[in-house]
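Position one of the sequence shown corresponds to residue 0 (numbering that gives the first Met the number 0), numbered consecutively onward.
Rather than coming from a laboratory, the hints here were simulated on the basis of the structure. One or more hints might be untrue.
[What the hints assert, rightly or not] Distance condition first, Cα-Cα at most 30 Å in a straight line; then the derived DSSO-like pairs of lysine-lysine:
id, residue 1, residue 2
1, LYS46, LYS115
2, LYS99, LYS40
3, LYS62, LYS115
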Amino acid sequence: MRRVLISASAVILIALFSSPLYAVAETASAGIPAGNIWLSKNAVIEKESVRIFLPVYNASATKISGDAIFSVDTIQVGTAHFELDAGNSTIVSSTWTTTKGAHSITARLEGTVDAKTGTEISVSANTQTLAVDIAERPPAPALVQALGIVASVAQNTVSVALPVVASVANTVFKETEQLRESAVVALENSLNGTTASSDATPSQGLVLGAETFRAPANNDGLMATAITAPTSEGVMRILQTILLFLVSYQWIFYPLLLLILLGLLFLIGKGMSRKQTPKRG
Numbered sequence: 000m001r002r003v004l005i006s007a008s009a010v011i012l013i014a015l016f017s018s019p020l021y022a023v024a025e026t027a028s029a030g031i032p033a034g035n036i037w038l039s040k041n042a043v044i045e046k047e048s049v050r051i052f053l054p055v056y057n058a059s060a061t062k063i064s065g066d067a068i069f070s071v072d073t074i075q076v077g078t079a080h081f082e083l084d085a086g087n088s089t090i091v092s093s094t095w096t097t098t099k100g101a102h103s104i105t106a107r108l109e110g111t112v113d114a115k116t117g118t119e120i121s122v123s124a125n126t127q128t129l130a131v132d133i134a135e136r137p138p139a140p141a142l143v144q145a146l147g148i149v150a151s152v153a154q155n156t157v158s159v160a161l162p163v164v165a166s167v168a169n170t171v172f173k174e175t176e177q178l179r180e181s182a183v184v185a186l187e188n189s190l191n192g193t194t195a196s197s198d199a200t201p202s203q204g205l206v207l208g209a210e211t212f213r214a215p216a217n218n219d220g221l222m223a224t225a226i227t228a229p230t231s232e233g234v235m236r237i238l239q240t241i242l243l244f245l246v247s248y249q250w251i252f253y254p255l256l257l258l259i260l261l262g263l264l265f266l267i268g269k270g271m272s273r274k275q276t277p278k279r280g
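All chains, please: the whole structure from these sequences, using the hints.
Okay, structure coming up:
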């Protein structure tokens with residue numbers, strides 16, 4: 000009987016002492032491994048973009064989800080959501096652009112719940128902290144500084160010169176456009192004047208309403224009148240018509256003008272190179 004009582008007492012004591020341990024194990028079923036928070040680079044200087052890494056584990060028997068909150072000097076810099084199946088772990092991260100000086104980086108878990116039921120899950124080591132000292136960015140090499148100064152001067156020069164160039168180009172375009180329009184008017188008037196003169200009233204020696212013809216003094220004069228004069232006048236009209244077509248449209252006139260200017264520059268340059276070439280004896 001005494002042996003039975005001793006055995007029963009032992010079972011009761013084991014149950015009493017093991018229940019709190021089991022409860023603690025249940026409440027610490029997920030969290031962050033102690034001392035595990037790091038940066039993507041060891042030597043960090045100011046104005047660099049680095050990532051803050053944090054491992055999270057799930058030792059429970061169910062799937063969990065939550066958020067990792069990343070802060071630097073109590074200022075939140077990012078968040079990362081996670082979902083973990085039972086018995087799994089993962090690494091979450093966030094980006095931070097560094098600033099000079101000593102900083103305290105903190106990562107903590109919030110809203111860790113059972114993914115199926117939404118029941119809150121207690122986590123162990125809920126917060127991890129990392130102290131870092133960010134060094135000042137070293138000065139740029141002299142060559143890089145010189146290039147930066149040259150680029151700045153060039154940018155300022157361009158910003159000043161562009162309005163002047165635009166103003167000159169606008170003035171040249173206006174003057175050229177006026178010349179083009181004047182040429183169009185002159186050619187149209189010339190063509191209209193030629194047509195009007197050909198349709199003028201009959202000259203002396205002709206009687207209105209009768210067919211009269213004054214023969215030239217000889218056959219040579221007839222051929223000259225019939226062939227030479229009309230041919231020269233017709234050629235002039237053709238040339239004027241072609242010129243009128245070329246100057247009437249901007250999309251034809253300005254490319255043609257540019258080609259003419261380039262041709263003149265080429266001829267001038269070729270002539271100067273010939274003058275500078277020494278003669279061989």
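Item to check | Pair hint LYS62 and LYS115, alpha-carbon separation not exceeding 30 Å | outcome: holds, 7 Å
Item to check | Holds or violated: LYS99 to LYS40, with C-alpha atoms at most 30 Å apart | outcome: holds, 15 Å
Checklist entry - Is the hinted pair LYS46 and LYS115 satisfied, with a Cα-Cα distance of at most 30 Å? => result violated, 42 Å
The structure fails to meet hint 1 from the earlier list, while all remaining hints are met.
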